[in-house]
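Below are the chains, spelled out letter by letter.
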Amino acid sequence: MTLIKFIEIMAILVGAFSGFIEARRKRMDLVGVFTVAFIAAFGGGTLRDILLDRRPLFWVIHQEYAILIFVLALVASPLIRTLRQIVSERLIVIADAVGLGLFSIAGTSAALDANMPIFIASMMGVITGIFGGVLRDIVCNEVPMVFRDGKPYAICAFLGNWMFLLMGKYGVEHDFALWSSALFISGLRLLTWKFDLRMGR
Amino acid sequence: MTLIKFIEIMAILVGAFSGFIEARRKRMDLVGVFTVAFIAAFGGGTLRDILLDRRPLFWVIHQEYAILIFVLALVASPLIRTLRQIVSERLIVIADAVGLGLFSIAGTSAALDANMPIFIASMMGVITGIFGGVLRDIVCNEVPMVFRDGKPYAICAFLGNWMFLLMGKYGVEHDFALWSSALFISGLRLLTWKFDLRMGR
Amino acid sequence: MTLIKFIEIMAILVGAFSGFIEARRKRMDLVGVFTVAFIAAFGGGTLRDILLDRRPLFWVIHQEYAILIFVLALVASPLIRTLRQIVSERLIVIADAVGLGLFSIAGTSAALDANMPIFIASMMGVITGIFGGVLRDIVCNEVPMVFRDGKPYAICAFLGNWMFLLMGKYGVEHDFALWSSALFISGLRLLTWKFDLRMGR
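Chains as they are written, first to last, in the working numbering: chain A, 1 to 201; chain B, 1 to 201; chain C, 1 to 201.
Just so you know, these hints were derived from the structure itself, not from any lab.
Among the clues, some could well be false.
A pair holds if it fits inside one copy or across any two, identical chains being indistinguishable in the list.
Mimicking EDC-like on lysine to aspartate or glutamate, the simulated pairs with C-alpha atoms at most 16 Å apart in a straight line are [to be verified]:
no.	residue 1	residue 2
1	LYS151	ASP196
2	LYS26	GLU142
3	LYS26	ASP149
4	LYS5	GLU64
5	LYS194	GLU89
6	LYS5	GLU89
7	LYS194	ASP175
8	LYS169	ASP113
One chain only, chain A, in its complex shape:
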């Protein structure tokens, strides 16, 4: 398994995991737990692809991820209790930050491939990174967390997307731009988490 594949799976699992937790907190049944986890994991990329009119969708090509979440949902209830004991919050935040960086830059890059103008491309990257959580919260009948907790989560993605776009504009080698921007987002997210930075309201 390549490193990128491993990171991808980890990021999807973290997204799904956030869905498991919120669905359980809302006392949902198996159907709800699976659906919310699925939406949390794939909602951002799916919305981006619908807006860009890209098909087939990511989870259609990789049905193994949908099956993985389905199997996890079947065992989610005991799994969450166990995982919460084994896995530290630190590890979840790190995996989530890595996922945010990876998916945001992937989204920005996909938008550029679809000939989006530059500001729209940066927005599409943020949508890819955060709308899984937004749709998860809407289905769970909550005001989306990412819109109200004041933590600079989407801002990190936004800044990193612009770093990627500017590096592309000034001729930086594509792979280097991609990886360094994703790393920048993940690192910035972890820094703001470590120092508990907030935006003003």
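Use these hints to put chains B and C onto chain A, whose structure you have.
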């Protein structure tokens, strides 16, 4: 009028009716009553078609159904009171179960036609069957009923979709596979309703 | 700047402004304020374009509008306080009514161009006019205002769309039909507002 057309109309009416009831419960006005009924009746198939990138949408080809719901919305308020007296809950559950079977298998079949992999096809079938109700509940600011009541509604659709997919894989004649799977879903749904079966949480 | 461009910008600003106010009321942060304003301004047209499978989306072609809302979101908090003092409610209602007329007819016209049947075209026009507000309210975890306040907002759009469709059917010159219908919607909306007309429930 053919049998399939009759069932289709009944299933759409039952979907719309669930929308009328929830919209009235939320004290919505005419615009809300029509919109929620429309979403309840066509939301599942519309979401599936957007995910599969299929056009034109079902209700675009058959605008007579949209007009029917519009006319019903105009008279919904007295209609609901009268209907609740005339129509027994049993009849509503039966019509809804028939609709679930029919629309789920139609959704699975449409996904296969669009070359979806098999697990995704089974999910598309369930989405077609249940997301009308999910979107109805989201618009009405409720946690979707089908995600939290513990009744094996979506599960019935899921199992029937797999019956249909496996029959197709093993060469069973297409029309027979379609009708027997739809019947299986409707029957299973009615059985679980009769015996009030619940999933554990 | 042409008149149509000026009206377009005013209508988008009024939509965004409604998003600023609701997002602030929900105590959202910068990310939420921008996203909700964006959804309020462009949600209706975006949903219509997804249903019609039209691309590129309006705000993709005109990224300057997205940037404008982004800049406004950065200064939204003091802006809203100031604007509320400077701008009278009357002015907001007028700009909103003009926007409703313009966008509803534009939506109906776009649906006709996509060969929608006539009733569906009238619905697409209403969707364009009102679903920005509907999606704004859903994201803010509220039952959509336009579904429950009993004010004939969507009805005005619906009637004007039919005026436009019938004028087209009976050979009225296209531009005249377009402008007079948009004016009819705006005027009717302002009349119902002035006399505080309500629909029965």
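Here's how the hints hold up against the structure:
1. LYS151 <-> ASP196: This pair counts as within: shortest intra-copy Cα distance 8 Å, inter-copy 42 Å.
2. LYS26 <-> GLU142: For LYS26 and GLU142, the Cα distance is within 16 Å both inside one copy (10 Å) and across copies (11 Å).
3. LYS26 <-> ASP149: Answer is between: at 11 Å across copies they meet the 16 Å cutoff, but 19 Å inside does not.
4. LYS5 <-> GLU64: So LYS5 and GLU64 pass the 16 Å test inside one copy only (12 Å; across, 37 Å).
5. LYS194 <-> GLU89: For LYS194 and GLU89, the Cα distance is within 16 Å only inside one copy (12 Å; across copies 44 Å).
6. LYS5 <-> GLU89: neither (23 Å within a copy, 51 Å between copies)
7. LYS194 <-> ASP175: neither (28 Å within a copy, 60 Å between copies)
8. LYS169 <-> ASP113: Answer is within; shortest intra-copy Cα gap is 14 Å, inter-copy 37 Å.
Going down the numbered hints, you'll see the structure goes against 6 and 7, while the others check out.
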